[in-house]
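With the hints as your guide, set chain F onto chain E.
Listed below are the residues making up each chain.
There are 2 protein chains.
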Amino acid sequence: MIRKYVIGSPMETDSVVVDITPSDGRIPKFKADEAGHMLTYVMDDADRIYGLGETVRGINKRGWHYVSNCSDDPNHHEDKTSLYAAHNFMVVVSAKEVFGLYVDTPGKVEFDAGYTDHSILSVILEDFDAIAYFIDGASARDVVRQFRGIIGKSYVPPKWGFGLGQSRWSYVNEDEVREVADRYDEAGIPLDSIYLDIDYMDGYKDFTVSDEAFPDFKEFVDEMKSRGIRLVPIIDAGVKIEQGYDVYEEGVAGGHFVKKEDGSLLTAAVWPGRVHFPDFLREDTRRWFGDKYKVLLDAGIEGFWNDMNEPAIFYTEDHLSEVFEKIDGYKGRNLDINGFFEFQGLIDGIPNNPEDYRLFYHEKDGLKVRHDKVHNLYGFNMTRAAGEAFERLCPDKRILMFSRSSYIGMHRYGGVWTGDNASWWSHLLLNVQQMPGLNMSGFLYSGADTGGFGADVTRDLMIRWISFSIFTPLFRNHAAMGTRRQELYALGDSGAFKKLVGLRYALIPYLYNEYLRAVRDDDVIFAPLAFDYPDDERACGVEDQLMVGRSIMIAPVYVQNARGRHVYLPEGMKMVRFRSMEDYDEEELPGGDHYLRAELGEVLTFIRPGCSLPIVTPAMRVEEIDMKTLKCLSYGGSGDYEFIE
Amino acid sequence: MIRKYVIGSPMETDSVVVDITPSDGRIPKFKADEAGHMLTYVMDDADRIYGLGETVRGINKRGWHYVSNCSDDPNHHEDKTSLYAAHNFMVVVSAKEVFGLYVDTPGKVEFDAGYTDHSILSVILEDFDAIAYFIDGASARDVVRQFRGIIGKSYVPPKWGFGLGQSRWSYVNEDEVREVADRYDEAGIPLDSIYLDIDYMDGYKDFTVSDEAFPDFKEFVDEMKSRGIRLVPIIDAGVKIEQGYDVYEEGVAGGHFVKKEDGSLLTAAVWPGRVHFPDFLREDTRRWFGDKYKVLLDAGIEGFWNDMNEPAIFYTEDHLSEVFEKIDGYKGRNLDINGFFEFQGLIDGIPNNPEDYRLFYHEKDGLKVRHDKVHNLYGFNMTRAAGEAFERLCPDKRILMFSRSSYIGMHRYGGVWTGDNASWWSHLLLNVQQMPGLNMSGFLYSGADTGGFGADVTRDLMIRWISFSIFTPLFRNHAAMGTRRQELYALGDSGAFKKLVGLRYALIPYLYNEYLRAVRDDDVIFAPLAFDYPDDERACGVEDQLMVGRSIMIAPVYVQNARGRHVYLPEGMKMVRFRSMEDYDEEELPGGDHYLRAELGEVLTFIRPGCSLPIVTPAMRVEEIDMKTLKCLSYGGSGDYEFIE
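Chains E and F, in that order, give the protein sequences.
Residue numbers for the first sequence follow my numbering, so the first one is 4 and each next one is one higher.
Residue numbers for the second sequence follow my numbering, so the first one is 4 and each next one is one higher.
Chain E on its own, in the form it takes in the complex (with noise of 0.2 Å):
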């Protein structure tokens, strides 16, 4: 059952799908205070929030706040209230009650879910306008499902897009990319894409490739298909200023970049320097830009990521200009502690400044709107602006795309990574909790940088990530510049990998049917185990298992020298220790506490009574998996499983 409230005069964010008659009164539960900016819910002791997707810390988010606001923000420390999307939708799990509570606004809401107060849950908009839909349910899983159903079918991606991609900034040329895949084809690691970061590009122009990296481009697309591999290119929001570059002057032509109060353009600066933004919050502007990915389309290429959509601005001329006065102030001073954090706070203001992103001004449904109203709805209409073009382009192919900014809404557009997370131990723990609430908000097509993209990896740190991220349907490797080199040949003996890589091939036929049933069903992939074992209070509190599917539970090793783990098992469960397809142990195991040994290269899965979790022999390419290979690992039950596609 969901209510739908109207608080204020809310704009349109095409969220939701579904025409829902408002409810008059009060949002039940919530206590609003006189200003209406804020609700409030006393929790219990006991009481747990799920949801709020891509968010710091675990998969409860009870205990932290969390500012739903873009933030290009590489550092995902703990004390983030801000990542990369706007995912404002949570459910709250109480011994007496659940419910869901989706704020639907492209401005700032503030969720504190027992940060200044434990007992309290506050939901805190810095606008006035937004439409609450509150959702009652029987359970978690119940909410959830409810709230997808109004929100419209998260995106499915071509099946290419379950086998590894491995990315790295930059592969600078044809040759540098080649390798790549002669490298992975020579370890025997199976590999479905490989991804291009900015310096394919002409200068960092969208929609062109640099002529000496790539002098024929097409060629080497349908060179690098012919065996099995797509390429990847990056597309990011910000169109550099260059006379003649044909994306700039239609743009400009078209009116379709972002504007001053004063009408005149907005000139910000990313990658190429200065850059117009398109203002993807207008349906034409959309058409017009999402008509540009044609033109790789046209030679070949079959996915995308949309990068810096938050949008990430470097500076703006207007501010930098401003910067650059103020710093001659403080030439020849005793800086002391007031001088000199005042001088260095005005460089660290310089990216991203909240300032900027009330410089400009989007033209929404005819009228113009503040940027910073409607911030959190950027990245979502690129991505959207891409996905409504491939409905017009291609409507028969299934192409990849997904995006580092988002908003609910985008899931049926694309998926999401969740950003430049870095080669941490407890980053391959974050990844592990980002899943259920990222899926909770409709992001199936979700995962992380597996080895983590800042800093240097370790051989141990890559091989658990990837004992984890082989079940994220996004399996992707991604590095940052100057980092330790970490594509799966590069680490040192590459067995192990090829190893993790085929159980991820094997298992495909699984995840990806998985994946289609939770579309299907409005339902998560990566559930916590309190969405399967609501009254196991030892459940309820687990932080780092996971449920995959229907059939199984994980449980990663994200510890380093660990040799294994404690595991909690809600109920008598079958124990797969994989080492690779060909080899595991298998063990019936009861309910309750237990310590596993988990080696470097074994991968504890667990089968759920009455389930089977069916594998095939992997291939080195997703497309030549062999059906015919299948066979079912079960715990009872029929030992069938049921594909629905």
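Warning: the hint list may mix true and false statements.
You can't tell identical chains apart in this list, so a pair holds if it fits in one copy or across any two.
To be verified - Listed below are the simulated EDC-like cross-link pairs for lysine to aspartate or glutamate, each with C-alpha atoms no more than 20 Å apart in a straight line:
hint : residue 1 : residue 2
1    : K634      : E394
2    : K334      : D351
3    : K83       : D115
4    : K329      : D351
5    : K32       : D47
6    : K99       : D539
Think of the hints as simulated: they come from the structure by calculation, not from any bench.
Showing chain F alone in chain E's frame:
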């Protein structure tokens, strides 16, 4: 058995106090490269590495690399190679052998503990000159004891230094300090000291007190002491350049400040703006600077913390001028990825710039030595200056002293705190994992900023953190300016904190005695389980439990929203689940794995077989502890516990 190897012409660091005749030939177990800059040891899969003092990651240091290079870096992330200290001692535990290595050199040393290649331990000297001490031992503990035997006895603090200290950057005047004391007393939470961070000074000038904030400092110190509370002021390494300021003028007149190559004084900047740095490597400078503490001792002060002594440098005058000149070159340019990052790098490179550490010189044993070659000795010798002064000025009194930067040898003069950590759950675990390594290097009086220095704490994090840090000798709550108030009366119902701090005070007889015993026996207080159960493979892998003294093991909870945890018992023990000194459950548990409840405020403590844990009735001050209230919790044995003082 310790053997000493001289590599090149090493400088005397005074870290070792025992004369050992150098051995000829090669360092056992290790292979040296031809240049002699790198020692390597081939590890088996199960080999572990302990020690390295104040560093990131787990107790077992294997799998990362560490660079001894004292650094003022508040971001204690997993990928950091250097924190504030240089502790070049490690113990290698292999199935076939146990040995230790101490690399005594004031320059940079890298310990690659299986980072580059998981099977290779390398020690890489930046400079050629070092003394290597190789220690053969029967066990890890034996190696540690032998090592500690050559570096001199660890510092012993006054007993009140085991009480709770409350700190914040900064309590700005006596009213605020008085309020802190009042509110602790009102809440019934024991407290022994209040720390004065930089704002107590007059313009951040060492050995001055702001007249405005503390009109009669001595009287105020007396007032606080009369209620049993000591004030502990901070002392910084840099001396403000200001005409008429006696320390500055004496320092210039006496030639005590470090100089550049041309003989002019180095002008750097920290809190007060421009400062000079005393040359603590000179004995006469240490004596001069040490005597300055007298002005505060005379005011009744009995404890200090030495800070910013890596030394931290906000900027040097020379480098800042260069930066300002370069900045002009960026004005009006189209700053793209290269230009903008270059510009940002220019500014980010101002503080603690490696080039600045090559700008100035020390006089060491009559020789002129460039700072970077002896960088790691600076904090050590600042604290030595203080320690030597206290021996002269008040030989019959123990003065509280700890430092941010340190080198082995400094442990004879004071303790360390682990610097600017954050209010993160992961930093609670880091605190747990840092204690054994610090202890092995001789730093027994140590601890972290409880609750975290940077970022905002939550009530539950503070409860869990305190539940651990009640066991650390240095027990201080400290937070940065701008963060949420984290005094224990400011985080909701203070009853939980009263109980936990009360438990600390109940444990002080045990903790203090185990401290004295560890000093006497050159032992650690905090041991990895591997030290006591070397043949128990599972125990050797435990990274989140510690032996504390001879009688107990602890298992802290460091996970948000957890209501218990898994604990591995290497043998049967008696669990005491403390809620307070008066309120606890006792349960005999067999060896093996257990999931144990530990609600917020419950402290899991395990008494070893045949051992006793003495506890007393808590008092509001350490000095008020009544030893007649002592009782013993025991698990078998005689039920006695022996006090050595």
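Against the structure, the hints:
For the identical chains of this complex, K634 and E394 are neighbours neither inside a copy (36 Å) nor across copies (77 Å), given an alpha-carbon limit of 20 Å. In this assembly of identical chains, the alpha carbons of K334 and D351 lie at most 20 Å apart whether taken from the same copy (18 Å) or from different copies (17 Å). For the identical chains of this complex, K83 and D115 are intra-copy neighbours only, at 13 Å inside a copy versus 31 Å across copies, given an alpha-carbon limit of 20 Å. Proximity of K329 to D351 under the C-alpha cut-off of 20 Å is found in both arrangements, the shortest distances being 14 Å within a copy and 18 Å between copies.
Taking the closest pair of Cα atoms, K32 and D47 come within 20 Å of each other only inside a single copy of the chain (13 Å); across copies the shortest separation is 59 Å, beyond that limit. Taking CA atoms no more than 20 Å apart as the test, K99 paired with D539 passes inside one copy only; the shortest distance there is 15 Å, against 46 Å between copies.
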